[in-house]
Amino acid sequence: DVKVTQSSRYLVKRTGEKVFLECVQDMDHENMFWYRQDPGLGLRLIYFSYDVKMKEKGDIPEGYSVSREKKERFSLILESASTNQTSMYLCASRPGDSTYEQYFGPGTRLTVT
Amino acid sequence: AQSVTQPDIHITVSEGASLELRCNYSYGATPYLFWYVQSPGQGLQLLLKYFSGDTLVQGIKGFEAEFKRSQSSFNLRKPSVHWSDAAEYFCAVEGGGFKTIFGAGTRLFVKA
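As you go down the protein sequences, you meet chains X and L in turn.
For the first sequence, our numbering gives the first residue as 1, with consecutive numbering after it.
For the second sequence, our numbering gives the first residue as 1001, with consecutive numbering after it.
In isolation and in its complexed conformation, chain X is listed as follows (with noise of 0.2 angstroms):
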């Protein structure tokens, strides 16, 4: 089976805090993301990685960094954490044929206070 893992199911920071949510797949995917789920607005794409050491932005990037170093691992990177980020943090990843398919982790809630 697919899996993809995250460092924390449940994390809670202070505003102003530098935030890392690890993300690691054990299938060899080539393509990975981070997604935000708030609730209404269904998931929208923060980064994606279609490589090591290669990234893109999603459509709300603003405010996140990340990083791939190896092909299994996807960190996303909240530089200066805001109570405007408090949500739950979805990582996924994807082979780089044309199946589609995202494999999803069970997710990171962040609460920022």
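Simulated from the structure, these hints should not be mistaken for laboratory data.
Please note: incorrect hints may appear among the correct ones.
Said to hold, decoys possible - To spell it out: a stretch of chain X is covered by chain L in this simulated footprint if at least three of its residues, at any positions, have a beta carbon under 8 angstroms from a beta carbon of chain L; those stretches are:
1) 21–32
2) 37–43
3) 94–102
4) 105–111
Please read all numbers here as calculations on a predicted model, not as lab measurements.
Glycine residues also receive a C-beta, built at the ideal position from the N, C-alpha and C atoms.
Put chain L on the given structure of chain X with help from the hints.
Chain L only, in chain X's frame:
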């Protein structure tokens, strides 16, 4: 602009009753369409997808969906709902350039 609309924020059905979740999309070319399910506390799981061919597609857990180009719809159906189907359901379209566009989701409640 590409978009996905799920008109129902939540739906309640009785266990054993049939289910239909609506999805409308806006996309210029032939769409690649998906339905995902998110059970409480979990990530999304693919139920089914449509790329081409037969417009009625079968998925996991007894779900099916029908692609209707004339109506720009891709509705999800199940003939008999089980209590374990209570979850949030997302319709999505492959937008190209690595971007998948998700609808806002429909939360399904199942009553005994």
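Structure-based check of each hint:
Here the stretch 21–32 of chain X counts 1 residues with a CB under 8 angstroms from a CB of chain L, which misses the bar of 3, and the coverage is violated. Residue count for the stretch 37–43 of chain X with a Cβ under 8 angstroms from a Cβ of chain L: 4. That meets the three needed, and the coverage hint holds. For a cut-off of 8 angstroms, the count of residues in the stretch 94–102 of chain X with a CB near a CB of chain L stands at 3, and the three-residue condition holds. For a cut-off of 8 angstroms, the count of residues in the stretch 105–111 of chain X with a CB near a CB of chain L stands at 3, and the three-residue condition holds.
In summary, the one numbered hint that this structure violates is 1.
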